[in-house]
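Chemist: For the record, the sequence lines run as chains A and B. When you line the first sequence up against the numbering used here, it's residues 1 to 170, in that order. When you line the second sequence up against the numbering used here, it's residues 1 to 286, in that order.
Everything labelled a hint here was simulated from the structure, so no lab data went into it. We put the beta carbon where it would ideally sit given N, CA and C, even for glycine. Be aware that a few hints might be false.
Stated by the list, open to error - Only some residues are given here: those of chain A computed to face chain B with a beta carbon under 8 Å: (1) F15; (2) G47; (3) M78.
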Amino acid sequence: MSLFVLFFLMVLAGFIPALCPELLGIEAHPPDLWAIIVLYVALRSPGYQGVGWGIVVGLVRDCVSLDPLGTSGFVLGMVAFLFAEGRHRRGRVDGVYRASLVALGVLVACWVYLLRILPLGGGIVTFGLFVDAVPTALWSALFALGLYPFLDRYHLLDDLCGRTTRALPA
Amino acid sequence: MRFRRRHAWGAALIALFALPVLKPDGISFIETPVADVVLWPARTGLNPERWKGGDDGDPDSARARKLERELYQVWELHWDTLTKVKDLQRLRAALRSAKLDRLPKMLGTRVLMASDPVPTRRSITIDRGADDGIEVGQPVVMGPVYLGRIRVLRSRSAIVQLVSDPRTRLEVFVRTDKNVLLRGYARRAGRREGRDEMQIEFVRTKDRVGRVLPGAPVFTANFDARVPAKLLVGTVSSVSDPDLDRMPILRMRPAFDLDRSTDAVVLLTSDTVQSPRGKSAATPSR
Numbered sequence: 001m002s003l004f005v006l007f008f009l010m011v012l013a014g015f016i017p018a019l020c021p022e023l024l025g026i027e028a029h030p031p032d033l034w035a036i037i038v039l040y041v042a043l044r045s046p047g048y049q050g051v052g053w054g055i056v057v058g059l060v061r062d063c064v065s066l067d068p069l070g071t072s073g074f075v076l077g078m079v080a081f082l083f084a085e086g087r088h089r090r091g092r093v094d095g096v097y098r099a100s101l102v103a104l105g106v107l108v109a110c111w112v113y114l115l116r117i118l119p120l121g122g123g124i125v126t127f128g129l130f131v132d133a134v135p136t137a138l139w140s141a142l143f144a145l146g147l148y149p150f151l152d153r154y155h156l157l158d159d160l161c162g163r164t165t166r167a168l169p170a
Numbered sequence: 001m002r003f004r005r006r007h008a009w010g011a012a013l014i015a016l017f018a019l020p021v022l023k024p025d026g027i028s029f030i031e032t033p034v035a036d037v038v039l040w041p042a043r044t045g046l047n048p049e050r051w052k053g054g055d056d057g058d059p060d061s062a063r064a065r066k067l068e069r070e071l072y073q074v075w076e077l078h079w080d081t082l083t084k085v086k087d088l089q090r091l092r093a094a095l096r097s098a099k100l101d102r103l104p105k106m107l108g109t110r111v112l113m114a115s116d117p118v119p120t121r122r123s124i125t126i127d128r129g130a131d132d133g134i135e136v137g138q139p140v141v142m143g144p145v146y147l148g149r150i151r152v153l154r155s156r157s158a159i160v161q162l163v164s165d166p167r168t169r170l171e172v173f174v175r176t177d178k179n180v181l182l183r184g185y186a187r188r189a190g191r192r193e194g195r196d197e198m199q200i201e202f203v204r205t206k207d208r209v210g211r212v213l214p215g216a217p218v219f220t221a222n223f224d225a226r227v228p229a230k231l232l233v234g235t236v237s238s239v240s241d242p243d244l245d246r247m248p249i250l251r252m253r254p255a256f257d258l259d260r261s262t263d264a265v266v267l268l269t270s271d272t273v274q275s276p277r278g279k280s281a282a283t284p285s286r
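Please put together the full structure from these sequences, using the hints given.
Modeler: Shown next as structure tokens:
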């Protein structure tokens, strides 16, 4: 079921900019649902288990965008790697702390993308694009505040995060 | 040093960093099936009308509601067809003004996705692909307005790079107040008031050609055999001081409006030029 939910969220991520209203500039800076999905898995998975799913989500985004294969795969994989638990147990991350990590993660994702395309295209990265990432990160954090408890409550992505509960052996 | 899992992920990320450099055109046999699967909901057109509640048991009211829905659908189809006919008439007038030998073949298409998943890129995904005979580089228009060119081609869909994409470089004509066409080069220049804006440079104004005023139309130039000239690109929103160096920098607002319609037209042009004797020759690629 987690794979189905992941597929649904990725399809929704592609149509989020068209669904956002003009109110408060949301349409100009829609939440980055791709990064939100990757950060949820990275923050909830033990070790570096979320990095692989970050790469997969990034590659799927590359398949439906103008960028060549590997661009978003590297960006979202890097974000998952930076926000993964790693070797040291971090404990449960939730609430406002998790939302602030989401804001930081989306900011990092936008900036890593801009730095990544510099050697590919050149001449199109301006300071304004770096600043433009800030409202996107804020709206993404707000969106995550509503989405993440829903995913937690119904364990919709727990299989991907390696948090399936299994019956104890007899 | 022990080889740990984080080293493996680091190696994978390095490989992904290098992949766009090694394969700048992508890997079609991986991207095509994934794109077809992700775009399948948009292609089937999941209809929210089907999610409405059932009737309250009264057969007359259910029939009345059904007839009302059919009436709205027919009315919508009527206005949609009327809009398409007007757009095609305006497109024909624009292409005739370019004095082409013959009008290009056209293929109607529908916009599946009106935005690029990456926030800084500008593209649309259409429901026509290589199976329908379109090729990379062909222009896409909405009425007489130039949207962009096909950049990524799959078997049943394609991604169009819009004129407002950061990587688009477009040669344009700008009309002065004395009806003279000046050549310039347009590229994206950020956003203003929530809308994308482009910058036109290298427009050389001389005596007697007039001045470029805000509101002046901007058209495609004859830079490529595939893109017909005189297609509307946008309108000038501001002009820098022209007396400074006779090469003012113009700001342009693109004319396309993706909220107005989901129908577009692909112009099935080719890059071979017919010589007067009927022999074709390929134009040099840019």
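Chemist: Determine for every hint whether it applies to the structure shown.
Modeler: Results of checking the hints against the structure:
no.: 1; hint: F15; in the structure: 7 Å, holds
no.: 2; hint: G47; in the structure: 7 Å, holds
no.: 3; hint: M78; in the structure: 6 Å, holds
Checked against the numbered hints given earlier, the structure satisfies every one of them.
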